[in-house]
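Here is what each chain is made of, one letter per residue.
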Amino acid sequence: MLLFWPLVIPFFTAVLVLLAYRSLALQRAISLIGALALLGSALRLLLHVLSNGPVAAQAGGWPAPFGITFVADLFSAILVTLTGIIAVCVIVFARAEVTPAEERHGYHALVHGLLTGVVGAFLTGDLFNLYVWFEVMLISSFGLLVIGGGRLQLDGAVKYAGLNLIGTVAFISGVGLLYGATGALNMADLHGRLLGREMEVPIMASAAFLIFAFASKAALFPLFFWLPASYHTPNVATSALFAALLTKVGVYALLRVFTLVYDIDGTPIQTLLLWLAVLSMIAGGLGALTQPSIRRVLGFGVITSVGSMILGLAIGTPLAILGGVFYMLQDIVAKATLFLGAGGARRIAGSETFAEAGGIWRASPWFSGLFLLGALSFSGIPPFSGFWAKFTLIRATLDTGDHLLTAIVLATGFLTLFAMARVWGAMFWSSHPRGDAACSGRPPLAMVAPVILLTGLLLLVGLRPEPVLDAAAAIAASLIDPAAYVAAVGLELP
Amino acid sequence: MEVALALIAGLLVAAGSYLMMSGKLLPYLFGLTMISNAANLLIFAGGRLTYAEPPLVAVGDKTVVGAANALPQALILTAIVIGFGLLVFSLCLAYRAYFVLGTVRMDDMRDAEPMTAPRTEDTGEART
Chain A
1 MLLFWPLVIP FFTAVLVLLA YRSLALQRAI SLIGALALLG SALRLLLHVL SNGPVAAQAG
61 GWPAPFGITF VADLFSAILV TLTGIIAVCV IVFARAEVTP AEERHGYHAL VHGLLTGVVG
121 AFLTGDLFNL YVWFEVMLIS SFGLLVIGGG RLQLDGAVKY AGLNLIGTVA FISGVGLLYG
181 ATGALNMADL HGRLLGREME VPIMASAAFL IFAFASKAAL FPLFFWLPAS YHTPNVATSA
241 LFAALLTKVG VYALLRVFTL VYDIDGTPIQ TLLLWLAVLS MIAGGLGALT QPSIRRVLGF
301 GVITSVGSMI LGLAIGTPLA ILGGVFYMLQ DIVAKATLFL GAGGARRIAG SETFAEAGGI
361 WRASPWFSGL FLLGALSFSG IPPFSGFWAK FTLIRATLDT GDHLLTAIVL ATGFLTLFAM
421 ARVWGAMFWS SHPRGDAACS GRPPLAMVAP VILLTGLLLL VGLRPEPVLD AAAAIAASLI
481 DPAAYVAAVG LELP
Chain B
1 MEVALALIAG LLVAAGSYLM MSGKLLPYLF GLTMISNAAN LLIFAGGRLT YAEPPLVAVG
61 DKTVVGAANA LPQALILTAI VIGFGLLVFS LCLAYRAYFV LGTVRMDDMR DAEPMTAPRT
121 EDTGEART
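Protein sequences appear in the order of chains A and B. Under this note's numbering, the first residue of the first sequence carries the number 1, and numbering increases by one thereafter. Under this note's numbering, the first residue of the second sequence carries the number 1, and numbering increases by one thereafter.
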């Protein structure tokens, strides 16, 4: 039951919020309590997994591989905990950002629907069930994206929906082919059945479909166009929630499926992933340089980060996967910090477009300093968490002896720093085009408090990275050798 | 039977792709629906196709022999239901987008990412 609480809580919160549609105050209270309860249940699960190892639960008591299995290993448990932290921060931030009209149209219910999908995707051990959670997440994100229904939002939503629906079809086709070839959907079961069969045509075809599906959710290189077209259109709280969690679910699916289900070592899949990762890093890094507003810069920043995470998977050594996992864990917090910080900056300057904003440094040096910490962490400057992520990745590329990859990681870091410096120069340091008096003093507490909390987490991980690095090392080891995962599900390796 | 299904699925994908490349929102969605039906046929064929073979366990046997696998059919049902939900949302979105943005051509939807006017010093020569 421990395993089901993080799933049940956001689902019932969504239902309760809908029932309380008459009272906004009640909706907000239920929503915040629901997010806190999600965080609490996730922490309980994490503590349990830390002391007892991976746990699994079989829905309806059907033993694996016949029923739907839910599994929480260290990777899933940490991700669910981070989801809880982001949920609390976003809902607090929403108090100052989301308009009452948007709340009346179901903002809180959609947020908790999205959280249900995200947590479900992290916890499920079944490939078809993963598809279902992806859809729960997708339909909630559609709703969140168009809530309010402005011109920009509808335009962004058309691109977002159009491209993500193709990914959905690819996902179900891949699952269908894989089931036809193996007769299994349970990921731990598939691990045993696929051993030594990687190069068979139906298996390869299903892998191609699944890479297309996950890469389009994760916004990897040729499939990322929906992200910069849509992430800057809804309110900032929604942008931050999407940037922190949605692409990470795609990355999680790639990391899980292409270690547990498919053994990609030495197959064409590995080469493909390497190319996708490298091109995403370059495209994101260069794209960020040309964007005219803060959230559009950060949107391309998401693509760079996703590329870096997948680079770890594609290199495939334990250190590289460690780097990719560590990058992913800290990036969930980092992206939420930056997007929420951008929301605060927009509130102070009255606009998020570089041509119409400025003077934030003089209006609120404190808040500017906070944003700077997040931006420096994202650029990989020590002593922040982003530095350790880049450091382990660079170390991993040096170990493989492929110095071109090292150069690309370093160049991407430089491009990111340059893009962040551009944001800093245009929004914070330059004076406001309508005079510095146009800036309104300080953002409300509900906006500042989540940013302080998340920046504090980034600093803490940056100064004391050992526990998180150790956890990432344990996760990398369990991804490379999933024996404990398979045993927790109740299956035996052949 | 498999051959017939494969041909139909191929036809659906071809027609769907053609519609999706029209650049207009509504044909795009119709094409997408066709392709998701092709995906459903793919799963259907993956679970064995048998004619008039009830899934009954014969006396003395432990499992069903020879009948079609029922699980892919359950998967298709789930996929159809989810597909309906997504299609309904997408149709509403297309309607609203047409209403608000005044166009169904996706190339003309440039509100979220406006094309900035080219700078004169860059393109002065290229234009003449």
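In case anyone wonders, no lab produced these hints; they're calculated from the structure. Certain hints may be false.
To be verified - In silico EDC-like cross-links for lysine to aspartate or glutamate, where the CA-CA straight-line distance does not exceed 16 Å:
(1) A:K159 with B:D111
(2) B:K62 with B:E113
(3) A:K159 with B:E113
(4) A:K159 with B:D108
(5) A:K159 with B:E53
(6) B:K24 with B:D107
Verification of the hints:
{"no.": "1", "hint": "A:K159 with B:D111", "in the structure": "holds (11 Å)"}
{"no.": "2", "hint": "B:K62 with B:E113", "in the structure": "violated (61 Å)"}
{"no.": "3", "hint": "A:K159 with B:E113", "in the structure": "holds (11 Å)"}
{"no.": "4", "hint": "A:K159 with B:D108", "in the structure": "holds (12 Å)"}
{"no.": "5", "hint": "A:K159 with B:E53", "in the structure": "violated (45 Å)"}
{"no.": "6", "hint": "B:K24 with B:D107", "in the structure": "holds (8 Å)"}
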